[in-house]
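S.K.: So you can see what is in the structure, the chains are spelled out below.
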Amino acid sequence: MELDPVMLARIQFAFTIIFHIIFPTFTIGLSAYIATLCVMWMRTGLERYRSLARFWTKIFAVSFAMGVVSGIVLSYQFGTNWSRFSVVTGNVIGPMIGYEVMVAFFLEATFLGVLLFGWDRVPPWLHTMAAIIVATGTLLSSFTILSANSWMQTPAGFEMRDGIAFPVDWLAIIFNPSFPYRLAHMVTAAYLTTSFVVLAVGARYLLSGQQLDHGRTMLRMGVGFAAIVAPLQLFIGDQHGLNTLKHQPLKIAAIEAHWDGSKPGDLVLFAWPDEKTESNRFAITIPNGAALLLTHSWDGLFPGLKSVPPEDRPPVLPPFFAFRIMVGIGLLMIAAAWCGLILWRRGDLFNTRWYLWPLKHAWWTGFVAVICGWVVTETGRQPWVAYGILRTGDAASPVAVNAVATSLVLFVIVYSIVFAMGIYYINRLITRGPDDPLVEQAGRAAPVPSMSARGGAG
Amino acid sequence: MEAYLPIIWAGIIGFAVAMYVILDGFDLGIGILFPFAATEQERDLMMNSVAPFWDGNETWLVFGGAGMLVAFPRAYSIILPAMYLPVIIMLLSLVFRGVAFEFRWLGVTAKRWSVPFAAGSILAAFCQGLILGGLIQGVKVENGAFAGGTFDWLTPFSLLCGCSLVCGYALLGATWLIMKTDGAIEDRARDHAKTLLAVMLIFMAIVSVWTPLAIDRIAERWFTLPNFLFVWWIPAATALVAFATWRWLETGREALPFIGTIMLFLLGFLGLVVSSFPYLVPPSLTIWDTAAAPATQIFMLMGALIMFPIIIGYTIFVYWTFGGKVGEGEGYH
Ligand code: HDD
Ligand code: HEM
Ligand code: HEM
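Chains as they are written, first to last, in the numbering used here: chain A, 1 to 458; chain B, 1001 to 1333.
Everything labelled a hint here was simulated from the structure, so no lab data went into it. Mixed in with the good hints there might be a few duds.
Derived Cβ-Cβ restraints for the label pairs, each shown as a range [unchecked claim]: (1) A:Leu410 with B:Ala1239: 37 to 45 Å; (2) A:Gln210 with B:Ala1255: 29 to 37 Å; (3) A:Phe166 with B:Tyr1314: 33 to 41 Å.
Only some residues are given here: those of chain A computed to face chain B with a beta carbon under 7 Å [what the hints assert, rightly or not]: (4) Val68; (5) Val73; (6) Gly79; (7) Ser86; (8) Phe106; (9) Gly237; (10) Val418; (11) Ala420; (12) Tyr425.
Computed from a predicted model, the values in this text were never measured in an experiment. We put the beta carbon where it would ideally sit given N, CA and C, even for glycine.
Required output: the full structure, derived from the provided sequences and hints.
M.R.: Next up, the structure:
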């Protein structure tokens, strides 16, 4: 069988970045949550905030480490696997990644030490400061990397000379047309995802009758937050989509499985889009629904996939299905948060088993929505890697197929082991709970000095 | 001005690489020394001595990569495909040792993650040496792109560089332990440091003799007049610092051996710069051939001038916060 090096490089990039994004999603949200807990503890002096902050800091440490190591891999993959991409867009993309390291990574990584080990070394205000700095660092890093990614989606502020992109206007490059929407949508996604993890852990404690006080605190904070932010995400996502229609109409056509642009689009609830016959099979639709959503008029028109030759179209199946999963999860999150709000008002939030049980099992929903969202965004951009500038097929490195295949296999093996162990350890920390001596001390057997030393380990 | 920009950027990246080698060098060194510790408790303590810092240290590696992409995108896009396998294996090794910092104390037995931690550290250091060696030898370039084979980097010389770097990092780790611990660990680290210093000097000597013999352009750089008048002091200073470090190890100094080792690394680095400058991708492409657009380099330079003092400031603050010895039973409580 002939292996295609570009395809292998794509699979490798998709695999490593999907692995990576799981952890930033969680650490962006969790660092903000920990900072919030630290501030509440400073203001109220209540021990339960401190022990919750300590507890989540330990889980944060494990996730952050996985985020850092998988991120380092990514930053080198631009060179190892996408060297043509680096040559063509390096003048523009390079500084954004460079700024990310200078303003965000050093900040996060350095103050992480204080956050994890500083509980008894530095005064509480300084420790709280470290938590806030780490949370800010993760936001700065989202800002820069999403700016880079958005530039690849909707390039602006540059000119092409001899096939190489040269910067002309940095502000236009940084604040390119899709960036504000993508930043808002992704950061909200991270906070939302984390709030459902916190909710799931709270529900788990209440159901099993342990850590009741902590469980209640987490449930209250989570429900209150998600009830506001989940609907907000629907609004931001809608605006994001409208903006994409302006700049990448074919992506929207793929999302909606809209083939023929001369007719108003139907809202396809379910279908099997068939790229060969250029039509949808088994379609269940709401007539003219998509036209109404996207153009705000009953018979408004937007471009269909058939408006360009097949080799210029994105693949249809991944954006189509991934989009429906993401939006489905978004709607479920709104339902879950508001349901919790109603139960809270009735005073039943902490003892309604039919509500808590599904919530306990919903910790992964946000992660799936985030991954699906990225699949929509990235596959919908194909066949371009930088939209209108460079095709994915022309971006790869001159590396032997076997080398790429070998490294892909190694990545799958190593990441599977690391991921399985990470989930296992995080789950164990959660089972033990905030009051567990191991969590409180992080010392397993007390006489082992450095184990208790690791107690500082947050 | 535009002709100087690549020089400034070469300086900045050189600085970042030196920072990385010294900082991550000592915490990789801790991993390399792991197999030689007596007990798991001892390993706990060794790990604790670097745990608050490793993440910040490794960020210099990210900056090195990103800085290359910013300032010399063409070099970046040739060197990484050329060193494909060593780079990937180095990254995977760093994955293992990075997560080991968090996983180790959560495991049923700490031992389970000691092995990946040590193996990851050794392999990462070795691969960095391979990359360095492969680069000194030279990379085959045609039409501005890498044109060689998957295993071009694999030569006796690059293997030698791999071993030297493992040794060098271990020496940095050992002298760090002398500074940060006491009792049995410190004594053992002192013994290790002496052996490692001797071995590392032998490696340095072999590399210094080998490169000019094998590569004409390097011989020419060092052994012609007037160049020699400007560079003779580098080997002399290396010998002097090596002798001083040995004395400091003998006389029970705590911080000086670490500083001496850092100076040895810096001198070695300077030697490499003398051998290769201004080539970034020897033997064909210079820093001017591979430089990014001036607008790009200037935009990044402004950021670097503002951010570097800040970064160095808070890095010092954190090292100061966790200063002092990590004594048994004291740790971070
Ligand atoms: C929306 C946010 C986001 C996105 C889209 C990405 N990252 Fe990321 N990255 C982060 C948010 C983040 C973070 C929150 O800042 C992390 C996650 C966990 C962590 O330790 O920092 C991080 C860590 C991290 C690190 C380690 C930093 C360190 O040493 O401390 C590197 C090198 C990268 N990332 C590189 C990338 C690259 C090359 C990406 C795209 C191709 C990418 N990240 C996508
Ligand atoms: C972190 C969230 C992200 C996820 C989950 C993600 C996911 C993906 C996926 C699934 C692909 C493969 C698309 C395909 O081949 O059909 C891809 C491609 C790509 N992405 Fe992203 N992406 C993310 C962010 C970014 C960012 C921030 C950048 C750059 C700054 C980026 C750069 C690229 C490049 C260069 C490709 C080309 C390779 C290819 O098309 O296969 N991605 N990404
Ligand atoms: C509730 C309704 C939602 C709508 C209408 C919506 C809409 C969209 C659209 C149109 C895109 C593609 C934008 C583009 O590439 O141009 C997108 C991407 C994305 N979505 Fe959603 N979304 C929703 C919910 C969610 C939820 C709940 C999450 C996660 C918790 C999420 C996470 C993402 C992510 C990570 C991306 C990729 C990055 C980006 O382009 O912003 N979305 N979304």
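S.K.: I'd like to know which numbered hints this structure contradicts. Please list them from smallest to largest.
M.R.: Hints 2, 9, 11 contradicted; others consistent.
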